[in-house]
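There are 4 protein chains.
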Amino acid sequence: MGNGEKLKEECGVFGAFSLSSLVAFNIYYGLQALQHRGQESAGIAVYDGEKVNCIKGLGLATEVFNKGNLKVLEGKMGIGHVRYSTTGSNDIVNAQPLVANFRKEYMALAHNGNLINAEELRNQLEDEGRIFQTTSDSEIILHLIAKNFQKGLIEAIQETMRQIKGSYALVILTDHKLIGVRDVNSIRPLCIGKKGDTYFLASESCAFDVIGAKLIRDVEAGEIVAIDKNGINSFRLEVEEKKMPCVFEYIYFARPDSVIDGKSVYFTRLEMGKRLAIESPIEADLVVPVPDSGVAAARGYSLQSGIPMGEGLIKNKYIGRTFIAPDQKDRETGVKIKLNVLKELVKSKKIVLIDDSIVRGTTMKRLVNLLKSGGAKEVHVRISSPPVKYSCYFGIDTPTKKELIGARMSVEEIRKAIGADSLHFLSIEGLKKNIGLESICTGCFDGNYPLEVSKGKSKYLFEKK
Amino acid sequence: MGNGEKLKEECGVFGAFSLSSLVAFNIYYGLQALQHRGQESAGIAVYDGEKVNCIKGLGLATEVFNKGNLKVLEGKMGIGHVRYSTTGSNDIVNAQPLVANFRKEYMALAHNGNLINAEELRNQLEDEGRIFQTTSDSEIILHLIAKNFQKGLIEAIQETMRQIKGSYALVILTDHKLIGVRDVNSIRPLCIGKKGDTYFLASESCAFDVIGAKLIRDVEAGEIVAIDKNGINSFRLEVEEKKMPCVFEYIYFARPDSVIDGKSVYFTRLEMGKRLAIESPIEADLVVPVPDSGVAAARGYSLQSGIPMGEGLIKNKYIGRTFIAPDQKDRETGVKIKLNVLKELVKSKKIVLIDDSIVRGTTMKRLVNLLKSGGAKEVHVRISSPPVKYSCYFGIDTPTKKELIGARMSVEEIRKAIGADSLHFLSIEGLKKNIGLESICTGCFDGNYPLEVSKGKSKYLFEKK
Amino acid sequence: MGNGEKLKEECGVFGAFSLSSLVAFNIYYGLQALQHRGQESAGIAVYDGEKVNCIKGLGLATEVFNKGNLKVLEGKMGIGHVRYSTTGSNDIVNAQPLVANFRKEYMALAHNGNLINAEELRNQLEDEGRIFQTTSDSEIILHLIAKNFQKGLIEAIQETMRQIKGSYALVILTDHKLIGVRDVNSIRPLCIGKKGDTYFLASESCAFDVIGAKLIRDVEAGEIVAIDKNGINSFRLEVEEKKMPCVFEYIYFARPDSVIDGKSVYFTRLEMGKRLAIESPIEADLVVPVPDSGVAAARGYSLQSGIPMGEGLIKNKYIGRTFIAPDQKDRETGVKIKLNVLKELVKSKKIVLIDDSIVRGTTMKRLVNLLKSGGAKEVHVRISSPPVKYSCYFGIDTPTKKELIGARMSVEEIRKAIGADSLHFLSIEGLKKNIGLESICTGCFDGNYPLEVSKGKSKYLFEKK
Amino acid sequence: MGNGEKLKEECGVFGAFSLSSLVAFNIYYGLQALQHRGQESAGIAVYDGEKVNCIKGLGLATEVFNKGNLKVLEGKMGIGHVRYSTTGSNDIVNAQPLVANFRKEYMALAHNGNLINAEELRNQLEDEGRIFQTTSDSEIILHLIAKNFQKGLIEAIQETMRQIKGSYALVILTDHKLIGVRDVNSIRPLCIGKKGDTYFLASESCAFDVIGAKLIRDVEAGEIVAIDKNGINSFRLEVEEKKMPCVFEYIYFARPDSVIDGKSVYFTRLEMGKRLAIESPIEADLVVPVPDSGVAAARGYSLQSGIPMGEGLIKNKYIGRTFIAPDQKDRETGVKIKLNVLKELVKSKKIVLIDDSIVRGTTMKRLVNLLKSGGAKEVHVRISSPPVKYSCYFGIDTPTKKELIGARMSVEEIRKAIGADSLHFLSIEGLKKNIGLESICTGCFDGNYPLEVSKGKSKYLFEKK
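Those protein sequences? They're chains C, Y, S and W, same order as listed. Sequential numbering of the first sequence, starting at 1, is according to the numbering used here. Sequential numbering of the second sequence, starting at 1, is according to the numbering used here. Sequential numbering of the third sequence, starting at 1, is according to the numbering used here. Sequential numbering of the fourth sequence, starting at 1, is according to the numbering used here.
The shape of chain C in the complex, shown without the other chains (with noise of 0.2 Å):
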């Protein structure tokens, strides 16, 4: 829930092509629905059939946009972009859509993953002489575009795959055509919606619900399809896909309503809930969700187990991300800001607190001191996911390793620190086996990345030079 207590997601990204109607109010409302996938700025490039016009600021899709220029943003095609900014000073370059101009071509691109040999990449561009405005990796795909671009539109894109390594889910478009990119391992999810004769590219399916349109499939792995005024052409890289989407997006990122290469958030976080009672039953009288990140899980853990499940944690809807935060000193007042104990329902009981996942740990250890303060007489914790042990660099903003306290105790250890009566991760082989993500990565639990990873590299290799 705390900042810096989550993962986070670094891109939402969706696209709009329509035969007949404007697109800028429902890229907004597809924004609105991808929120979650970032909060730090937020993007719209609209194609009016002579140019791109882009409108893109710092803070949320409801406070960069409003009526008036979402109405400048005339056109029947556009994409959209949020995201979660990893930096200070720049924010506001590094927004996306990127939109470039060359060759008498409009492109507009909007980038959800992150690529690992950007560095080398850039380094062998800037060797040839071009320049490069942002520190934002996405850049780079746009060079590689452009460079290739007199091959055709289609062959530049595939030539830029065969270059790029890492995690992409693209939006990208042009003056003719909308097209839609997943990486060769699927990491980050891409998915096509319909309505009438309007087709939508969305990170998630929940932004289509927003807007009646139907989820038609996912994007593959390693597939283009672009889409124009003849409908959807799929193109394939002639390589090998190897299917190993992000786990995290199942475990926490997404949202419960999407459903992602086929299968339902919702319903995944309700098994790991069920798979962990199984894994690690206890006798208690309630089951408490961290709101709102453990609320799936602990309902799964609920139904297995039999424990009624209760609001024992109360959350405040007023605290925006802007909140004066109490003095050093008085840290227990940060979290009951956000989260109060309900002393009636707690008082006397065991209590099982579930979460998706632990990442440094203070926060878990002041909510198990919230309950037992509220008085439950034993706080039990199950995580529906394994410890966080590695860092991520397929688009996830992780801590250091040092910071992560799964990478630093045992589960034994990380129990005593949080004050837990007990504590249980789910298994990996839980998450695989029984819950039937056979093919995704787990880098962050166990090291096996989907492409192998330098040592010492760090995604954000061009802010510090």
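Derived by calculation from the structure, the hints in this document are not laboratory data. Don't take each hint at face value.
If chains are identical, the list can't say which one is meant, so a pair holds when it fits in one copy or spans any two.
To be verified - Straight line, CA to CA, 20 Å or less: simulated EDC-like cross-link-like pairs of lysine to aspartate or glutamate: (1) K350 x E279; (2) K104 x E126; (3) K177 x E223; (4) K104 x E120; (5) K51 x E119; (6) K51 x D127.
Chain C is fixed; fit chains Y, S and W onto it per the hints.
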């Protein structure tokens, strides 16, 4: 959930008196915890030993206050107020606390409630040549205290209480005392907390939890509590009190983690849900709450009926108060921006949909439709309170009678209007007898008000001449 | 020119009464023309036929008002106010117009001036149990009118005038009338204008020019003018008036294009410059005005002496009220940001530097230094008013006596302090006799005030207890 | 004076290189002094020893910068830019400095001027697969330097200068050097200043005065100056320069306290006024300048003719860039908000009204009318430059030819259109011969440009495809 779809509480009040600590930050955290009672304006007044400094503004407490202006409010005693405002142009003028200066004394006042004889009192005061600078009935209270002040502060307040009729939970700040007052029917809540040598007053006990204070007791009907360096003194009116606290605090307004007049709000809601299951049982597959207002009652219904509960409706956490509403013709999108149906969960199921109340009925109709379009086989609506049929004159913003669907239609007609397969409201008897709310005001359900209300009265009488 | 380097006028007032036209936009343009009289807050109150709507805010009229909120102020009679505020925390509370409601009547009031018996009056009113919500002496006037209202509006105002002492130019808006009042010494200006069937009141006639209205006449000492659908009615107090208008309106405050009490401000300044050349002639090469305050007097000096005038100091037009001040140690930059010396023009020349007044002397010292560092051979300072030696109690914000360089030093000492080669101030006699300002208040020069001022009085008595 | 009534300069540039001091505050003060050259956006880029940090925003320098963000820009070398922007939607994208990264080098660039072969160059660069992210021709310069960078920085700039055609005063920041470049015709100004061990570059010398630096010399036509820790190095193109600086810098754009290419702007304007009095003498009572653009020429006219000068038009100092324009039908008010006639001064007089130029003629018509309605007997207009008849392609925002009154009408027709009793423009010959501006660009008067301009060219070619 939607604007205009819920009755609106009008205010929250908070007060602090300390022997040793500055109070502005604690008042700020208290107001944040009471933010659900009013989001339109926030204000804090602090006595600095010489004079009262007051800062108020439109918006949430987090928007009005920052570290800089809270530091300006230096002092050991102060009060705060959050307000749901009801008029347009001159909002800020009506924001509270009101600050007045008379006979070398400073006085600041924050009021939750509504006077029903405001017009008569104001006419009388104006006839005496007194001037009013706001359209708020709270200013009348200030005038009456000032007018009777030569009798002494407590006597002046008692004399004022003899003259004003209606609901009022007041916190008053003077040069030497912090005072709390509750009307003789104790319609609006007010309670006392303590931490170290600091006393607090608040509309709800959840505001004490956030700052680590303990709930001592509620201010009683007709009681004046005066807090100064010697501790708490209690004063009474010599009239007979008749406790009739507002039932809607339990049904919807108050936070579930508050305890009002000795009863836990969460447990009262749980009981309402259980009673609802007894009054109107049904065979079904899934209990679905309307988030967040129906959650506690749904849990009660599920526990009593044995039907499992599930998150069939998913809320977008990032939609704040301001967002761009879709066109009139596209009303469905308006609901979907805030809530999405979890199709995988509700598909082909018989659903019991639980909410706390129905006001106009338009949102409930859309939610039933949303569930059905998501594949629900049947939708049975259960409401954990009786139909709202009468306007409130005691501090709640109710629509006009003809906008209240409960006043216009029978239950069966409402069922048809909202498209539900069955509909049941909790009975008044069930509410009173079975849940133990014997002495409450049920005026909005049956027109039985604690005090007689003149016909044709409107509480905003000063705003439209 | 610099902050703190000029005496500050405290307010400008404006009123409009029309039989046929909406007045908000004209009041707005009028306030813009009066903006030099106060830049801290602006407000407009308009009677819409039912009630008074009032919008006020901190900042310039252009910052507070926009087309949207001006349209809300719909009505044919209204008043406006611009204010130079003197305190920090509760500025907006003291912004005017003040709006009050009593005996079914609305009243709005805007005041330019200062009462010297405010403390006594306020004590008296508070003893009667009346409450004050601002620290402004203007609220006293509202109370007194309300208290005496049963005698009739005009009689109530007359009774109020008998009790209040000090300076006041008032515009008052009631349900039926627009009223202008000027104190018995006519210290602050107020004049009447007309265009078609609309009457206007304004602090200065330049506010009529912008809206195409004609100056009819000044409101006279002790006069009440009441404008309603039957035209203008004039009422008098039965006391003897003694005209002593503020001389600083002519010297510095008023706009040069205004005519006050029959005398052109520009020509009066021109005459001051001419008289200065007669009183203290010098052989020199160039007359340089301090922009913009010394321009008219410099022209007069140049015309009388025959010495050519030139723009030796160039002003940066884009420095507004807010800019980042350089470090303490780099004070010179502070002046240079606003003014630059035209080195090519002043080099090796004997300069006569003209300004209207010297308050603290720090800026004048920097300007002399700036000219000398730009190559000027000699700098002879000529000031078109006598040294300011006494505080004003009648509506001007003067520093304390010990901050006034004229109160602390002789002319020769000032000359040394500012580094000038010679220095001359216009004589009081010259000002009165030769320029024809016989009946004026020269209190700030010689302590001769229109009314006796109690010792130790401060006009901000309510703001610091 | 009015919007659209003056030709618009497009940019101001500033640079600083210090051995010992931080430069951000000095760049900020420099930009303030250059603010008249562009009010739409402001930006500063500073090299912090590792990378370039850049902050830019829409508005004045005082609006974009504050102490907080200036402190972030920590470093001893940096550049700044103020811009008058010409398009709507994507303003902030085109704000400068532009920052690029290539071959491990940072480069920031600020440009005043306009390239006339931008379209050809951009096509060529796009054909090579390069991408553009702005619509500004300045980005072309960045690409060309990057493309040629392997030859060395200076050589790359020289090669770039061989390819680009048009006007450019450039300041360039690299990891090690601050560079200034001026085109071979030295169309736009650029000069070098020094204070202690800090070198400065600026569009105008007035920017040196504010920070206490001394003007060393101008950058010469076709010169590159490179400033590093070893001091200044100068490089030349091997082509022949042909000095043709823009005459409008002297007529209107530059601040009067600047010295450009050795000539004082103020004195040049004074001479223009004197020459005007010789070319078109008239018997009159008063010389009135249009504030502020006509002041220096009016003084020259007055000195030469012996006719006294007076402030017949008074400017409202508080009208900023944003104010509510009156209705179409009430255009007169639009002028009066900014300027008022001093009726007492102009009444019954023969007036010589002086301004620097006439562009569309609408404002001049209103000013003549304003003077006449104020009682002036005759109004004789004298303009201190020739009629503007041709568009500028070298960095000035001129209206289309058919909007230029000088292109559409003879002098006599213009006289009638503006309602003047007589009208005279300064002759081109007078400007060149008598004022000593032999080698200047007079393209806007006679179409003789320094470089051949292709027909149908527009400088905003990238903004509308």
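A quick look at each hint next to the structure:
Taking the closest pair of Cα atoms, K350 and E279 come within 20 Å of each other only inside a single copy of the chain (19 Å); across copies the shortest separation is 31 Å, beyond that limit. Proximity of K104 and E126 under a CA criterion of 20 Å is satisfied inter-copy only: 8 Å between copies versus 23 Å inside one chain copy. In this assembly of identical chains, the alpha carbons of K177 and E223 lie at most 20 Å apart only when taken from the same copy (16 Å versus 47 Å across copies). Proximity of K104 and E120 under a CA criterion of 20 Å is satisfied inter-copy only: 12 Å between copies versus 29 Å inside one chain copy.
Taking identical chains as interchangeable, the C-alpha atoms of K51 and E119 lie at most 20 Å apart only when they sit on different chains, with a minimum of 16 Å there against 31 Å within one chain. In this assembly of identical chains, the alpha carbons of K51 and D127 lie at most 20 Å apart only when taken from different copies (19 Å versus 30 Å within one copy).
Comparing the model with each numbered hint stated earlier shows that all of them hold.
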